[in-house]
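Student: Protein chains in written order, with my numbering: chain A, 1 to 174; chain B, 1 to 66.
Quick caveat, the hints were computed from the structure, so don't treat them as lab data. Keep in mind that the hints are not guaranteed to be accurate.
Here are the in silico distance ranges between beta carbons for each label pair [what the hints assert, rightly or not]:
(1) A164/A with T23/B: 17 to 27 Å
(2) H5/A with D44/B: 16 to 26 Å
(3) K71/A with K26/B: 42 to 52 Å
(4) E45/B with A55/A: 15 to 25 Å
(5) D60/A with K26/B: 25 to 35 Å
(6) G116/A with E32/B: 22 to 32 Å
Going by beta-carbon spacing under 7 Å, a handful of chain B positions derived as facing chain A [claimed, not checked]:
(7) T23
(8) R39
(9) L49
(10) Q59
All residues carry an ideal CB built from backbone N, CA and C; glycine is no exception.
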Amino acid sequence: MLATHVDAEQRYSRLRREALAVASEVLKDAGDARRRLSEINPEALFASKAWADSAQRVKDWDWIEGYSVFKFRYPKRFEVAVWDMDRLIGLSMGRPTYQGTALRLDVVEAAPADLGNRPGIFDAVLLGYGVYARLVNAREIRIMHPVNERVKDYYERFGYEYMAAGDYLRKEVL
Amino acid sequence: MTSDNISDFEGARRERLLKKGWTKEKIKRLAEKELKEFRKISADEPSDLTSGNMDQLLQGDDDDEK
Numbered sequence: 001m002l003a004t005h006v007d008a009e010q011r012y013s014r015l016r017r018e019a020l021a022v023a024s025e026v027l028k029d030a031g032d033a034r035r036r037l038s039e040i041n042p043e044a045l046f047a048s049k050a051w052a053d054s055a056q057r058v059k060d061w062d063w064i065e066g067y068s069v070f071k072f073r074y075p076k077r078f079e080v081a082v083w084d085m086d087r088l089i090g091l092s093m094g095r096p097t098y099q100g101t102a103l104r105l106d107v108v109e110a111a112p113a114d115l116g117n118r119p120g121i122f123d124a125v126l127l128g129y130g131v132y133a134r135l136v137n138a139r140e141i142r143i144m145h146p147v148n149e150r151v152k153d154y155y156e157r158f159g160y161e162y163m164a165a166g167d168y169l170r171k172e173v174l
Numbered sequence: 001m002t003s004d005n006i007s008d009f010e011g012a013r014r015e016r017l018l019k020k021g022w023t024k025e026k027i028k029r030l031a032e033k034e035l036k037e038f039r040k041i042s043a044d045e046p047s048d049l050t051s052g053n054m055d056q057l058l059q060g061d062d063d064d065e066k
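Kindly generate the complete structure, drawing on both the sequences and the hints.
Tutor: Here it is as structure tokens:
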């Protein structure tokens with residue numbers, strides 16, 4: 001691996017951890033005693049394997065393989081695991097665009113509902129992305145490739161605008 | 001952030017943060033404001049919330065602008 005790649009991984013790892021720390025602090029100050037945020041660590045990846053047991057899972061994703069590839073390719077990435085106490089309830093990863101002007105939310109998945117009741121994840125995920133976007137000076141956040149109309153409509157309620165040409169929703173970071 | 005001091009951020013990023021007038025506290029306040037708005041909406045979160053294309057990611061297909 002190039003020294004510059006290793007250097008970027010180390011520098012941006014610090015920013016990722018800081019973004020997650022700020023977002024976690026905001027959740028806690030808002031009275032959220034159950035949810036916590038972490039990097040996508042080995043514990044999260046192991047827990048994600050249980051999602052394959054779901055009969056309702058929308059996508060048959062392998063997060064262990066996907067995260068390994070993403071981590072190798074994108075040292076400036078953002079990543080977040082959402083936990084309800086000690087139960088994994090969501091995963092997401094994304095990265096700045098090559099121009100650096102936008103932060104992409106490349107993949108996000110909430111734990112399948114048939115595996116047990118859980119709180120929502122998206123507010124916490126967006127919270128983390130918003131802090132990281134400001135730290136890396138991104139001017140917008142892009143949610144890539146919504147899987148269906150219902151999810152797309154949901155993102156639009158957060159103020160995101162759908163761009164059909166690239167199949168993503170965008171919102172300016174103010 | 002581990003530091004409240006913008007000077008702890010490296011070079012160009014520090015300049016951009018200073019231009020925007022962002023400090024740790026300001027970023028945190030913006031996040032708090034955002035969470036208040038998000039919470040009003042998140043009660044209706046779809047139970048099957050999923051987005052992205054992991055296959056494209058694994059294949060290395062690049063859909064980013066150059």
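Student: Hints numbered earlier in the text: which of these fail when held up against the supplied structure?
Tutor: 1, 2, 3, 5, 7, 10
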